[in-house]
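Using the sequences plus the hints, can you model the full thing?
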Amino acid sequence: MQMRSLSFKARARTIEHLGKGQIADCPTAVSELWKNAYDAYARDVALYTIDGDYPCGALIDNGCGMSLQQIIDNWLVVGTESKTRKNTLEENERFGLGIRKTQGEKGIGRLSAAFLSPVTFLVTKKMDNNYVALLIDWRLFENPYLSFDDVTVPFREFEKIDSLSDVLSGLLIELKKNVSFPSKDDDEDEVRHFNHLLTKAAWEKFSEDEKAVNEKSDFITTQDKIINFCDQFKIDPSVFVPWEEILIKVEKIDGGKHGTALFLLELGRDLSLLTNAGDLAKDNAELSDVEQSLVDTLRAFVNPYILEDLSFSYEIYTVKANGYHRQILKQSDVFSKSDFDALEHTVVGYVDEKGWFRGRVKAFGEDKGEVVIPASISVNSDSGVGPFEIQIGTLEFLPQNTSHTEREHTHFDLKAKKYAGLMVFRDNLRVLPYGRVDNDFFQIEERRSWNAGRYYWSNRRIFGFISITQSNNKELKDKSGREGFIRNQAARELKTLVSDLLTSLADRFFGRNSEDRKELLEQVKREKELRKSAQQQARKSTQKSFSEALKTQTPVLDASLEAVKKLKTKLDSNQNKHDYNYIKEIDADLANLESLRTEIKTPTKPPKIGVYEERYRNYRDKYNEFSAYILEMKLIVNKLDSELNKLEPSLVGKNHLDKNQGIINARLTKFSNNIDEKTNALLKKWGEEIKSDRAIYYSKAISIVDSINNNTEIENVLNLLDSIYIETIDSLTFKYQSINKGLERLFEGVNLDSAFSLSEEEREYFEDKAKSLNALAQLGISVEILSHELEEMDSMVTRGLNSLPSTAKEHPGFTLALNAHRSLTQQIRFLSPLKISGYQS
0 MQMRSLSFKA
10 RARTIEHLGK
20 GQIADCPTAV
30 SELWKNAYDA
40 YARDVALYTI
50 DGDYPCGALI
60 DNGCGMSLQQ
70 IIDNWLVVGT
80 ESKTRKNTLE
90 ENERFGLGIR
100 KTQGEKGIGR
110 LSAAFLSPVT
120 FLVTKKMDNN
130 YVALLIDWRL
140 FENPYLSFDD
150 VTVPFREFEK
160 IDSLSDVLSG
170 LLIELKKNVS
180 FPSKDDDEDE
190 VRHFNHLLTK
200 AAWEKFSEDE
210 KAVNEKSDFI
220 TTQDKIINFC
230 DQFKIDPSVF
240 VPWEEILIKV
250 EKIDGGKHGT
260 ALFLLELGRD
270 LSLLTNAGDL
280 AKDNAELSDV
290 EQSLVDTLRA
300 FVNPYILEDL
310 SFSYEIYTVK
320 ANGYHRQILK
330 QSDVFSKSDF
340 DALEHTVVGY
350 VDEKGWFRGR
360 VKAFGEDKGE
370 VVIPASISVN
380 SDSGVGPFEI
390 QIGTLEFLPQ
400 NTSHTEREHT
410 HFDLKAKKYA
420 GLMVFRDNLR
430 VLPYGRVDND
440 FFQIEERRSW
450 NAGRYYWSNR
460 RIFGFISITQ
470 SNNKELKDKS
480 GREGFIRNQA
490 ARELKTLVSD
500 LLTSLADRFF
510 GRNSEDRKEL
520 LEQVKREKEL
530 RKSAQQQARK
540 STQKSFSEAL
550 KTQTPVLDAS
560 LEAVKKLKTK
570 LDSNQNKHDY
580 NYIKEIDADL
590 ANLESLRTEI
600 KTPTKPPKIG
610 VYEERYRNYR
620 DKYNEFSAYI
630 LEMKLIVNKL
640 DSELNKLEPS
650 LVGKNHLDKN
660 QGIINARLTK
670 FSNNIDEKTN
680 ALLKKWGEEI
690 KSDRAIYYSK
700 AISIVDSINN
710 NTEIENVLNL
720 LDSIYIETID
730 SLTFKYQSIN
740 KGLERLFEGV
750 NLDSAFSLSE
760 EEREYFEDKA
770 KSLNALAQLG
780 ISVEILSHEL
790 EEMDSMVTRG
800 LNSLPSTAKE
810 HPGFTLALNA
820 HRSLTQQIRF
830 LSPLKISGYQ
840 S
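Going by numbering that gives the first Met the number 0, the sequence shown opens with residue 0, and the numbers climb by one from there.
It cannot be assumed that every hint is accurate.
[What the hints assert, rightly or not] Dumping the calculated BS3-like pairs for lysine-lysine here, alpha-carbon to alpha-carbon at most 25 Å:
1) K669 with K633
2) K175 with K199
3) K414 with K361
4) K569 with K583
Hint data in this document are derived by calculation from the structure and do not stem from the laboratory.
This is the structure we're talking about:
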């Protein structure tokens, strides 16, 4: 028998299988197209949708763009060799940007557009080339009876972006010819006419198949959907504006416009819901899931944990029918490197080609230094996973266990609800679906369900990433649908290495079995208790000194105020007013009162004084009145002294200086004596305490040593002695370090009394402020919800009014209703400044 050979043939439906059929969901489709933009050296990419009579959207970039020949040779060819070779673009197409590793692998990523919209209007421009546009209706490829040659893709070259609407209208006419088959023209040749008949028959057969499985009376076949779209669709020119803006941006930088736009002329279910939710409530499960999935998947599209500037920004937003611009995702909405560095638990290092981890560990804010952990499995250096970088961090779940302050813990706890997840990046671009809430590739939650104490890590509060590269991790390949790595040896090794590394780190530093955790946790708790105790003690001391000052100084102030009033009355009388000796007596009495003024100054007020409020105010007012009397009388006495004194002016000034200097010297001598007295008392007190503290450990531990006999487990005794030692040394260190630091602050000239008082005032202020902000936040959230609902209702009412027949619109009542609606909407929008737009970091 003669040997023969066969070959595969592909139908047009292959495009649907490779495109929409291979993509898991809408976010994955967007990710694939953004990667293409990244490969094209775009600086900006965006996905946006616009509501209107014909809701549409676009996925735009300002990359290098394509010429007509590149579209023919590459874009319209499935599985191109350009992705296999991964050649770097020419320097003039990189626009001065650093070299980027090509992310595409299979040459089918562009087909993801079919998942987002059944119709794609592709417009692209290469530097110093004309615009090129082509129109694809992906529904053409659903027909299983068509071959590739039976489907035509209309295109056109043009010079100015202003003509986009006209270009689209012409392409719609050409697109319709794929499904509309008029009678034979006299000019049409027989072969072409025969091909038309075959294509017509294919569509008739496909329509019959569709009707056979859809018995609804209002069912519309795919062929009719395409015809209706070509006949009825009208583009909103505003959809082109965002692309024009980013083209102008690169024109200023590179000297010319370049980029690609995929205009989505009909929206798939997911994007349609984001654009116009219709009658669905804001908390509808499907709507919430669609937006959350989009944000979780595309957030941190570029690795946010590195400081390199990749000159690549991205965003997602939607524009409502009333012009309301709603941001869904922006590049800055990530857990950043600075956030990561501030976590109390971090692991930063790398795993080498043999699976050994080397890096630094921080536990409870304490640097544990360099750590080496051997591989848990044998790794094949040739076909295995290869070396990779790893950075992970977390925080304690319970506030009482954390080394963070209460404010920091609350801050990170809120961020964990929004950003938590262990992501994977290849050459600093995110690999899906790792890091999503529904992905547990590294078995973090699975192991935690076995034993939450030992398996410390949790997807709900883990931050960080695993970084791989194309050059070092060649065997880590994505599935065609971008649903993770192909399950080969390298992927299995990566999974095992990371899972076991997390377990080892938990056992050594973070989990229930960690000795470091036990010690550090006790230390954290003790330090918090000691700080809290010191704070309460200082607060009580301040309160006590304040109340005692009011109690002891009030009688002195009352007597002094009465005395200065009498002295003022005495001076105001005309008797002996021109007697120099009499004035000197008045001046001496005034000097005595002045010395009292500095001793009975108003005591520093604690943040809250409660029942002392009225007494404090009375004291303050009396002291101010007393000081005013002193100042006024000094001016009068100085004037009379200058008039009556017969001495030389220089001597008068010298005598006055000596008098004031004498008062100052006396005051300083008094201060010096007080300081010496208190210093000696403190030294005596500290000496006695140190003498007593020297015996603390011995008194606690000696009984344990005395109880040792031949049957005693000496290891347990040593551990117990060390436990008492650690507790004692930590307590004493906190006590005496605080004293030393206080003395250092005094030596540096810091006013501890004022500093502590101000700190307490600020604490009370911010506590009150937090309560006010919490109340305001509740109002803001209510306004936010109300605002979104009003925007949706406004869009629905506007669309409903505009859909009325022209005869109804001519009625005066229509104009009145439309104007009243617009006026009501404008009046309500004054609440917009109260909105809280998303989480604030």
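Now for the hints, and whether the structure bears them out:
Restraint check: the Cα-Cα separation between K669 and K633 comes to about 24 Å, which is no more than 25 Å; the hinted pair holds. Between K175 and K199 the CA atoms are separated by roughly 13 Å; this keeps the pair inside 25 Å, and the hint holds. Taken as a hint, the K414 and K361 pair is honoured in the structure, with Cα atoms around 20 Å apart against an allowance of 25 Å. For the proposed pair K569 and K583, the alpha carbon gap of about 13 Å is at most 25 Å, so the pair holds.
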